[in-house]
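Visitor: So the chains spell out like this:
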Amino acid sequence: MDLRFSDADEAFRSELRAWLARVLPGLAPQPARDDWDARRVWDTDWQRQLFDAGYAGLNWPKEYGGQAAPPSQQLVFLEETTRARAPYVGVNFVGLLHAGPTIVAEGTPEQKAAHLPKILRGDEVWCQGFSEPGAGSDLASLRTRAVRDGDHYVVTGQKIWCSYGQIGDFGELLVRTNPDAPKHKGITWLMLPMDLPGIEVRPLKTVLGSSEFAELFLDEVRVPVDCRVGEENDGWRVTNVTLAFERGTAFVSDLVDATRLVEDLAPYVTDPAHRRELGHITADLDAIWALTKRNVTQSARGVVGRGPFMIKLAYSEVCQKMGELALRVLERNVLTVNAEGPFVEERLRSLAFTIAAGTSQIQRNILSERVLGMPREPR
Amino acid sequence: MNFDLSEDQIALRDGIRALVDGRFPMSRVREGFDRSVHEELAAAGVFSLRADGFAWTDAAVVYEELGRGLVPGPLVWCFGRKRVTTGFDASLIGATLVEFLGLVDDVVALSPNEQITRVVKASEIDAAERPEEWPLDPLTPVWRTDRPIGAGNQLDESFDDLWNAGALLTAAYCVGMADRLTEMAVAYAMERQQFDRPIGSFQAVKHICADMAVRAELARASVHTAACVMDDGTTGTLARAIAGAKLMAGEAAILNGRSATQVYGGMGFTWEVDVHLYLKRAWIFETQFGGGDHHADALAATMPTRT
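Read top to bottom, the protein sequences are chains A and B. Positions 646 to 1024 (this note's numbering) are the ones given, in order, by the first sequence. Positions 321 to 627 (this note's numbering) are the ones given, in order, by the second sequence.
Same shape as in the complex, but just chain A:
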């Protein structure tokens, strides 16, 4: 057990630090939060800068534009970008942390070549089409139908909670290809080109008053069979590859955001009782970061430990604790959302953290059943 970084890692760190110091001052101001076209430009510009400097896709294979860097350098990257307050993935989230890793794991060579370099360069933005109005926690009960017609699937149905639906070039789409099979056995994972006829995107206004999500209405959309990732009816397994990834490391960058936020909040926290609570939140975040280091170490050796099942559960709850502390500390300044920094906005946003990507209750089910080996509730 050793937290020391190698000389190569430290060299990587100093180069990165110097690069960040050079480019960050020239960054344009962040666009308005509901101006999605401008946000796309801003976030993908940053992604392109990372790519050109050799910092995109650190853990992706080299042949598709990644760096195949050791996990320790991924940690250094996160530490340094946090310290320097560099932008976070933004609208590239689904592509970089969700669809991309799925294609890396399950895509054909053609699919990899077509999408991975573009995602890394910021040329391709992805959105998500998993949840449905009737399929939330019970995602496998999804009903969006895909009927094979020659070289196409004809897709009809409705999706909800599509992250970045308004600006996505492609969507990761789960469809039912065999309605007669047990619910987990009839699902297929498709890449949905968002410019196909028959797709209607309606922004979904959230408690923030803005539209980070959209609803997707699909009316006989003809999706080429080439867009299928994995085998027909094997989509649930493919999805679990993605979800396992999501649970394990996709939240690392959110953790980075939370660490910044709590440091920004700290100067406002003066009351001794509030300071004490700040100490508890700091301990939680430090521990989650430490567990992340453990997960990264283990995953590099091909070990799946307990940690990946725990990060999202722990992280989402500490974010909400932090948000509650911010509201108490700011007192009447909370009456406008953006009066004192991003704290109130982040409190609102964090309401979703224990719901999205598997509620905390579902996370506890998974943890108790798959890690602790406890029996399933009768269902």
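Source of the hints: derived by calculation from the structure; they are not laboratory data. The beta-carbon is built from N, C-alpha and C at its ideal position, and this holds for glycine as well. A few of these clues could be false.
[As the list claims (entries may be wrong)] With beta-carbon atoms standing in for the labels, derived distance ranges:
| id | chain 1 | residue 1 | chain 2 | residue 2 | range |
| --- | --- | --- | --- | --- | --- |
| 1 | A | Leu669 | B | Ala559 | 25 to 35 Å |
| 2 | B | Ser368 | A | Arg678 | 43 to 53 Å |
| 3 | B | Asp372 | A | Leu993 | 51 to 61 Å |
| 4 | A | Arg790 | B | Ala559 | 53 to 63 Å |
| 5 | A | Ala945 | B | Leu558 | 20 to 30 Å |
| 6 | B | Asp341 | A | Val948 | 16 to 26 Å |
[To be verified] For the chain A half of the interface with chain B, some residues (derived, Cβ under 7 Å), not all of them:
| id | residue |
| --- | --- |
| 7 | Ala928 |
| 8 | Arg939 |
| 9 | Thr942 |
The hints should help you fit chain B onto chain A, whose structure is shown.
Guide: For chain B alone, coordinates are given in the frame of chain A:
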């Protein structure tokens, strides 16, 4: 960077676990601490790990196993000492309670207020003849001293060194307790039948167990971080790492003790089931090397303030 147990550490862990399982079954643990416990652990090299060239990360691995088995005694105070030693960290002014006083050679006194470190022979301390009748933890007997303990001898170690080592090893022991409590609760929940099925199939019970596992794992990551920083101060901020470790591990042990009691239901309130012994020890450790409040304040002190 390799933040996981090395092969040597896995072997060390398995070795000490075999020793604890073989030599310290709960039947013996329940008899409490005596010199034979000290002798066996000393012979196994538990207290001389540092002198024998082992790292703090190794010591954390070993003390976690002692905690898993709830091995009794002033084991943290004995670390690095040849004689059987207990200790306390409290103000030296006035009477106090000292754990294991009648069973040891030496008493180490750490006074956070005065930053004093000294060692006094137990025989020179003016204390009650018998231990208190109703100790919180039946395996941690306590003696009341009538007046401030004698001057004794100044120790070579600094207050900070003793405090950090004590907090780290106590936290490691707490991680072992928190992990064992999770195993016990899960096993009981899968065995105990109500409404014609194991209570562990109900989400209300499973979720308690899931939270226990998370607490233990986060606490372990915190303790291992602190141990790494003890071994190499350039890998982090020691004060912050130690405070985080003791806070997270102490909370994990206490909350998992309470949670296990709840999962065991009525049985958890009996003397016979071991859960209360773990919970009581966790409560006692909350009084040593800083409790949760102390360390939360220490952590907050590492965070920015308004200038």
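Visitor: Confirm or reject each hint.
Guide: A quick look at each hint next to the structure:
1. The hinted window of 25 to 35 Å between leucine 669 of chain A and alanine 559 of chain B holds, with their beta carbons roughly 30 Å apart.
2. Distance hint check for serine 368 of chain B and arginine 678 of chain A: the Cβ-Cβ separation is about 60 Å, which falls outside the suggested range of 43 to 53 Å.
3. Our hint of 51 to 61 Å for aspartate 372 of chain B and leucine 993 of chain A holds, since their Cβ atoms are close to 55 Å apart.
4. Taking 53 to 63 Å as the suggested C-beta distance range, the pair arginine 790 of chain A and alanine 559 of chain B conforms, at roughly 60 Å.
5. Range check, alanine 945 of chain A to leucine 558 of chain B: about 27 Å between beta-carbon atoms, so the 20 to 30 Å window is met.
6. Roughly 24 Å separates the CB atoms of aspartate 341 of chain B and valine 948 of chain A, a value that falls within the hinted 16 to 26 Å.
7. The interface hint given for alanine 928 of chain A holds, since its Cβ lies 4 Å from the closest Cβ of chain B, which is under the 7 Å cut-off.
8. Restraint check, arginine 939 of chain A versus chain B: the minimum CB separation of about 5 Å is within 7 Å; hint holds.
9. The beta carbon of threonine 942 of chain A is positioned within 7 Å of a beta carbon in chain B (closest approach about 5 Å), and the interface hint is therefore held.
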